[in-house]
Every structure is written in structure tokens, then in C-alpha cells.
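As they're listed, the protein sequences go chains A and B.
Residue numbers for the first sequence follow the working numbering, so the first one is 1 and each next one is one higher.
Residue numbers for the second sequence follow the working numbering, so the first one is 1001 and each next one is one higher.
Calculated from the structure, these hints are not laboratory results.
Be careful, since some hints might not be right.
Here are the simulated DSS-like pairs of lysine-lysine, each with C-alpha atoms no more than 30 Å apart in a straight line [stated by the list, open to error]: (1) A/135 to B/1090; (2) B/1069 to A/115; (3) B/1090 to A/115.
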Amino acid sequence: MTENTVPGRRVFEGIGVGEQIGATTLVFDRARLVAYAAASGDRNPIHWSDPAARAAGLPDVIAHGMLTMGAALDLVVGWAGDPSAVREYGTKFVAPVVVPATGQVEVEVAGVVRKVDEASRTVTVELAVTHDGAKVLSRALATVELR
Amino acid sequence: MPVNTSFEGRVLEPAGTFVVGRENVRDFARALGTSDPRHHDVEAARAAGYADLVAPPTYAAQISMNAEKVFFDDPGTGVDWGRVVHGEQKFVYDHPLVAGDEILTTVHVDRIREVGGNSLVTTRCVLTTVDGAPRCRSVSSIVVRGEQS
Chain A
1 MTENTVPGRR VFEGIGVGEQ IGATTLVFDR ARLVAYAAAS GDRNPIHWSD
51 PAARAAGLPD VIAHGMLTMG AALDLVVGWA GDPSAVREYG TKFVAPVVVP
101 ATGQVEVEVA GVVRKVDEAS RTVTVELAVT HDGAKVLSRA LATVELR
Chain B
1001 MPVNTSFEGR VLEPAGTFVV GRENVRDFAR ALGTSDPRHH DVEAARAAGY
1051 ADLVAPPTYA AQISMNAEKV FFDDPGTGVD WGRVVHGEQK FVYDHPLVAG
1101 DEILTTVHVD RIREVGGNSL VTTRCVLTTV DGAPRCRSVS SIVVRGEQS
């Protein structure tokens, strides 16, 4: 049963360097970290156990870098209209997102077009990903092939 | 203990296959918070031209991580998982990963360096289906923090 309309891929024409693709807020809590640990197979206890995080020299439990990287990409996928449009995606992890035992933390994501390539009909979007005003990901670049 | 640099340049042939599972794709997409129907609804994925559910792009990380275990779990490498943080990650996609894909992963240990008391390890994973169709290349750099940092 298809409940949702499948979005179509965005048309390449008309997209320019400097265009803002939008912004979103990711909300992380311990439950989400545990869900990601289970689904991804990354069971490193620094992502769910306070003592393990402290033993590793961290202030508290931190989100998986791959959770932040993966969840931030959704902004680009939604804009491109198709998860299979993604050709390349890379980043540097520059600061951890600390997730306390109770409550939620927010990660801000915004995207801007950095490069447009006519020959391959690809667009490269840079994501700004911040938490508490500090950069979490650096040079987060996603290249999508459009229609 | 620093990471054993003699492992640099090693190529680890696939130890087995990783099967992309339909429910795992759904759980992974849910944990990421991505609601695209191609990750959740088989009919929607088929209508889009895929044999089954399409995995979110970063799903490739768990396949490469699984394959890298062969290297990192080798006691000779000297990697203490409690001191590992992810430094950099890059994916290049040939084709989306789809539920039902049986993936073979070759791990290349490209670089091991000591920098300021920490060890930097860069691995490159090449993911193909058992039929040899390319899926994804994943390059990952981890930092193994030294005892002093």
C-alpha cells in the first residue's frame, strides 16, 4: 500500500551557486541514540553509557557522528526529491554533540549550493551543521544528480 | 599503545557477505528521521525502479564498519576502541544499496600515521554486490587518541 506520494527528482535547470536550499533542526535524545545504535550496529558504549563516555574522557554521552551526518543529509535529499540522487557525501567531524541522560538537544542544519556542473547535471550543496552555536561538521558536502 | 603502522597498505579481501535487510533499512531510516517512502514502502521503491527498499545513503557506513572489524579486532593492530573518534568520512555512490543486496566489501588500509601522540587511520572500503555490480566506495578516517590526550 502506497500511502505517500513518491516525490520526483528536482530539475537541474535554474539552480545557481549561492542558492539556499533551506534549513532544519535535528532533535536528539538518548532514545534516538539507542535506536541508531541498534539500527546501525554501532554499539560503542560512548553513545549510550555515561560511565563509558566519561572513561573515554568525554563530558557525557555523545551522538554518533554518523547519526549527525546521516540525519543532516535528509535536508539535501528532501530538496533533491530522491535519496538515490546522492552521488557523493563527505565531511569532517569537528565537535561532538553531547546528549544528556534526560531532555533533548538541537542540531541546526542549513544548506547552500556551492557548485553547479552542467555536464553531469550535478549540484554540490554545503551543509552548515551546528550545535549551541559551534560547528559540528566541517566541509559537509553532498553532490546530487538532478533531472 | 600506538597503532601498528606495519598494517598500512594491507588489503583485506571480503570475509563474507553483508545482506541489506528490509526491516533494517526501515529501522535505519527511522533512526535518521528520514521519511522518504522509498526507504519504507516497497511499492513506492518498486515504482521508482528499484527491486526493493532503497537504503539511506549513509547506510553504507555500517557495511564498511562491519567489514573493517576484521582489521580493527586483530589484536596486532593496537586499536583501543574506547579511544576512537570518527575524524572524517566520505562516500562515493555508484548505485543505491537496496534491500536484498548481498554485499562484498574489500577493505584497504590506506594510511596509518602518528600525529601529536594520536594515531590516524584511514581505511577505504569498496562495496560491490556478489554479482560484481559496484555500489559504493567509502573512505573513513579515525583518530585513536593517545593516553596523554
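* Indices of hints not satisfied (ascending) -> The structure breaks only hint 2.
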